[in-house]
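Undergrad: Now for the letters of each chain:
Protein chains: 2
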Amino acid sequence: MADVLASSASAAKQTLEEGGVFSPRFDRDGLIVCVTRDAGSGEVLMLAYMNEQALRLTLETGFVHYWSRSRGRLWRKGDTSGQTQKLLEMRVDCDQDALLLIVEPGGDGGACHTGRRSCFYRRVSGPPGADSLVFVDAAGPAIASDEAAR
Amino acid sequence: MADVLASSASAAKQTLEEGGVFSPRFDRDGLIVCVTRDAGSGEVLMLAYMNEQALRLTLETGFVHYWSRSRGRLWRKGDTSGQTQKLLEMRVDCDQDALLLIVEPGGDGGACHTGRRSCFYRRVSGPPGADSLVFVDAAGPAIASDEAAR
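First to last, the protein sequences are chains A and B. Just add 45 to the spot in the first sequence (first one is 1) and you have this note's numbering. Just add 45 to the spot in the second sequence (first one is 1) and you have this note's numbering.
It is possible that some hints are incorrect.
All copies of an identical chain are treated as equivalent in the list; a pair is satisfied when it fits inside any one copy or across any two copies.
Stated by the list, open to error - Heads up, simulated SDA-like pairs for lysine to any residue below, C-alpha to C-alpha not over 20 Å straight-line:
hint : residue 1 : residue 2
1    : Lys131    : Glu149
2    : Lys58     : Val169
3    : Lys58     : Arg114
4    : Lys58     : Val179
5    : Lys131    : Gly152
6    : Lys58     : Ser113
7    : Lys58     : Phe180
Since the hints were made in silico from the structure, they are not lab data.
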């Protein structure tokens with residue numbers, strides 16, 4: 046019986062990893078994590094989450110929608126800021142619990158609500174235990190409002 | 046009083062986003078999500094998680110350690126497969142709940158346990174509702190064992 050279960054689990058794993066069916070695995074909160082990459086520069090712009098509705102709307106409209114965990118609501122990227130993300134390609138990882146979005150940013154080309162192009166604008170520096178952050182993109186917030194990147 | 050609280054929250058947010066102190070925010074499971082990028086090709090290789098110990102060991106040793114959610118244990122990437130990840134740079138995002146790791150892959154240069162370079166080897170294709178997956182990297186598993194990428 047253990048062999049049967051192991052064999053069944055192995056078949057399911059094989060289908061998930063080597064199959065041609067898109068079966069996104071949402072977590073216990075109904076979310077899937079997304080890495081967003083600029084199609085032009087190749088830069089990693091941000092990391093965010095989608096629920097099932099955000100994923101469906103993204104595929105239907107061709108523009109990226111996320112689920113905001115802090116605000117608890119669906120969010121069409123760029124609605125406030127103009128920093129839309131046109132979806133050029135969506136990829137899924139081996140065990141289908143993460144998405145890679147390759148996008149063409151609209152508006153001023155930025156993605157971060159602080160006004161910077163990428164949310165990853167600081168690098169960790171210094172000896173372990175005394176880590177500090179160094180700004181890679183030192184430009185201060187170009188956009189005053191917190192609403193900016195929505 | 047509400048104003049005081051709002052002002053305090055705003056100050057904390059400002060420190061988190063514009064400050065020079067590394068304050069990684071682990072989730073309720075004690076994990077932080079990591080996007081890993083190949084320093085050479087710029088390719089997004091994988092998405093995984095670190096707990097506090099994995100993060101500390103990564104910074105101390107210069108080689109990437111993750112926390113495996115499925116196996117419930119700390120994992121030095123490449124211990125089994127040789128696909129180590131030498132950390133060249135670590136970045137943190139605006140609200141410090143995600144990391145970007147820029148790495149030099151060791152071994153055969155791959156990162157995925159299926160034997161492929163990147164875990165994102167399939168793209169979502171087809172009309173919404175009838176989504177299928179197309180292999181971007183069609184190469185079958187080069188490494189037989191599931192242990193391969195560990």
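Undergrad: Under a CA distance limit of 20 Å, which applies to Lys58 and Phe180: within one copy, between copies, both, or neither?
TA: Between copies only: 17 Å across, 41 Å inside.
Undergrad: With identical chains treated as interchangeable, where does the CA-CA distance between Lys131 and Gly152 reach 20 Å or less: within a copy, between copies, both, or neither?
TA: Answer is within: at 11 Å inside a copy they meet the 20 Å cutoff, but 36 Å across does not.
Undergrad: Given identical chains, is Lys131 near Glu149, meaning Cα to Cα at most 20 Å, within a copy, between copies, both, or neither?
TA: For Lys131 and Glu149, the Cα distance is within 20 Å only inside one copy (5 Å; across copies 30 Å).
Undergrad: Between copies, within a copy, both or neither: which fits Lys58 and Arg114 at Cα up to 20 Å?
TA: between (29 Å within a copy, 16 Å between copies)
Undergrad: With identical chains, the pair Lys58 and Val179 could be close in the same copy or across copies; at 20 Å between alpha carbons, which is it: within, between, both, or neither?
TA: between (41 Å within a copy, 18 Å between copies)
Undergrad: First find the shortest C-alpha distance between Lys58 and Val169 inside one copy, then the shortest across copies, and answer within, between, both or neither for a cut-off of 20 Å.
TA: between (36 Å within a copy, 18 Å between copies)
Undergrad: Given identical chains, is Lys58 near Ser113, meaning Cα to Cα at most 20 Å, within a copy, between copies, both, or neither?
TA: between (30 Å within a copy, 17 Å between copies)
Consistency note: the structure conflicts with none of the earlier hints.
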